[in-house]
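Turn these sequences into a full structure, and let the hints steer you where they fit.
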Amino acid sequence: MAKIRPRVKAPKKAAMGEIIEIKTLINHAMESGQRKDSGGNTIPRQIINRFVVTLNGREVFSTDLFPSVSANPYVAFFLKAEESGDLTFTWHDDDGSVYEDTKSIEVA
Amino acid sequence: MTTKALARGALGLLAAGAVLTAGAAIGSDDGTRIHWGPYKVGDKRSGYTYAGAQTRAMQDDDFQNPAFLWLERGADIWETAAGEAGKACADCHGEAEEALAGVATRYPIHDEARGKLMNIEQRINWCREEQMGAAPFKWESEDLLGITAFVKNQSKGMPVAVSIDGPARPFWEQGKAFYEQRRGQLDMACTHCHVDHAGTMIRAETLSQGQVNGFPTYRLKWQTLGSLHRRFRGCNKNIRAEPYAYGSDEYVNLELYTTWRSNGLPIETPSVRK
Numbered sequence: 008m009a010k011i012r013p014r015v016k017a018p019k020k021a022a023m024g025e026i027i028e029i030k031t032l033i034n035h036a037m038e039s040g041q042r043k044d045s046g047g048n049t050i051p052r053q054i055i056n057r058f059v060v061t062l063n064g065r066e067v068f069s070t071d072l073f074p075s076v077s078a079n080p081y082v083a084f085f086l087k088a089e090e091s092g093d094l095t096f097t098w099h100d101d102d103g104s105v106y107e108d109t110k111s112i113e114v115a
Numbered sequence: 252m253t254t255k256a257l258a259r260g261a262l263g264l265l266a267a268g269a270v271l272t273a274g275a276a277i278g279s280d281d282g283t284r285i286h287w288g289p290y291k292v293g294d295k296r297s298g299y300t301y302a303g304a305q306t307r308a309m310q311d312d313d314f315q316n317p318a319f320l321w322l323e324r325g326a327d328i329w330e331t332a333a334g335e336a337g338k339a340c341a342d343c344h345g346e347a348e349e350a351l352a353g354v355a356t357r358y359p360i361h362d363e364a365r366g367k368l369m370n371i372e373q374r375i376n377w378c379r380e381e382q383m384g385a386a387p388f389k390w391e392s393e394d395l396l397g398i399t400a401f402v403k404n405q406s407k408g409m410p411v412a413v414s415i416d417g418p419a420r421p422f423w424e425q426g427k428a429f430y431e432q433r434r435g436q437l438d439m440a441c442t443h444c445h446v447d448h449a450g451t452m453i454r455a456e457t458l459s460q461g462q463v464n465g466f467p468t469y470r471l472k473w474q475t476l477g478s479l480h481r482r483f484r485g486c487n488k489n490i491r492a493e494p495y496a497y498g499s500d501e502y503v504n505l506e507l508y509t510t511w512r513s514n515g516l517p518i519e520t521p522s523v524r525k
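Keeping their order, the protein sequence lines are chains A and B. Sequential numbering from 8 applies to the first sequence in the numbering used here. Sequential numbering from 252 applies to the second sequence in the numbering used here.
Derived by calculation from the structure, the hints in this document are not laboratory data. A quick note: this is a predicted structure, and the numbers were derived from the prediction, not measured. In this text, a Cβ means the ideal position worked out from N, Cα and C, and glycines have one as well. Zero decoy hints are in this set.
Interface residues of chain A toward chain B, partial, derived using beta-carbon atoms under 8 Å:
hint : residue
1    : Arg12
2    : Arg14
3    : Lys16
4    : Lys30
5    : Leu32
6    : Asn34
7    : Ser77
8    : Ala78
9    : Asn79
10   : Tyr81
Below, in silico cross-link-like pairs of lysine-lysine (DSS-like), each with a Cα-Cα straight-line distance of 27 Å or less:
hint : chain 1 : residue 1 : chain 2 : residue 2
11   : A       : Lys43     : B       : Lys525
12   : A       : Lys19     : A       : Lys87
13   : B       : Lys525    : A       : Lys10
14   : A       : Lys110    : A       : Lys20
15   : B       : Lys488    : A       : Lys43
16   : A       : Lys16     : B       : Lys407
17   : A       : Lys43     : A       : Lys10
18   : A       : Lys10     : B       : Lys338
19   : B       : Lys525    : A       : Lys30
20   : A       : Lys110    : A       : Lys87
21   : B       : Lys389    : A       : Lys10
22   : B       : Lys472    : A       : Lys43
23   : A       : Lys10     : A       : Lys30
24   : B       : Lys367    : B       : Lys488
25   : B       : Lys525    : A       : Lys16
Shown next as structure tokens:
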């Protein structure tokens, strides 16, 4: 799909110490570099190779992604709510593009 | 404990019980008989009932279901003006939730002006060309898939109810003939797999009844949303038959026949399948 649209689902509020689930999804072809086009030429690899989540600038979750990951990667993880602030989600593309989304969370 | 509190407690328990039953109704893979809830109507079984537990979980969670990326695109198209008339779908039809509820259950319909059937994709492109003065979307493009899935999604949960009476009848008969006609190097008809052998194995895969209530569907194999006609083409290639074109009369007639077979099953668009 031409336009990359990250989707993030995170609770707006959480109790101190609560374990919250955060779900993320991004549309991306995750071209593995193993496929060939109809002319027999290799389609160059283009995947999201890294996904990082920070809370107020501090990294709270990160993962490397590899060519065997399916298109439109869905990543969900758990976080212990300990401070309010902005969760920033960044997806790093092989071509150098960075896709970003932000969600604020209020911890009481 | 006062009576009131007791009553409240009992109610709470009841509610919890109801939730549990609903949760247990679908998808217990412990070898016991599964009750499929709305996904099984009489003898008709949605493709959902042939999918694995993980695939079903993807479909059940609107966030995890990747097809919703296309639906967002469809929602944008609904609101965005295009073409010479400078109109968006919403300018004529209004709120999608109201205007489109139940619409998808009736398609394909017979179109008097063209003297043949019209499915939702063709209806959308007819609107674009005739009403908006815009270029039609290409078949299987992200745009057409997005808006089609968006339109069908407004009828989610409503039973499929296509009519095969009156002028649609001869097209239904042609679709039926296609369904039962042997074709391709393997010399097989649709019925051989999806009627005679539904539920049995073809190599490592279970054959489904070929119900179409979930299209456009996000197929894990395709890694994208795909139309019913793409599925038809895939099936035709599998039996080594020459596939017909997207939106061809043959496939639209077949779409009416297969949709009629799915009458009564709830619309699941966008479904997730293997």
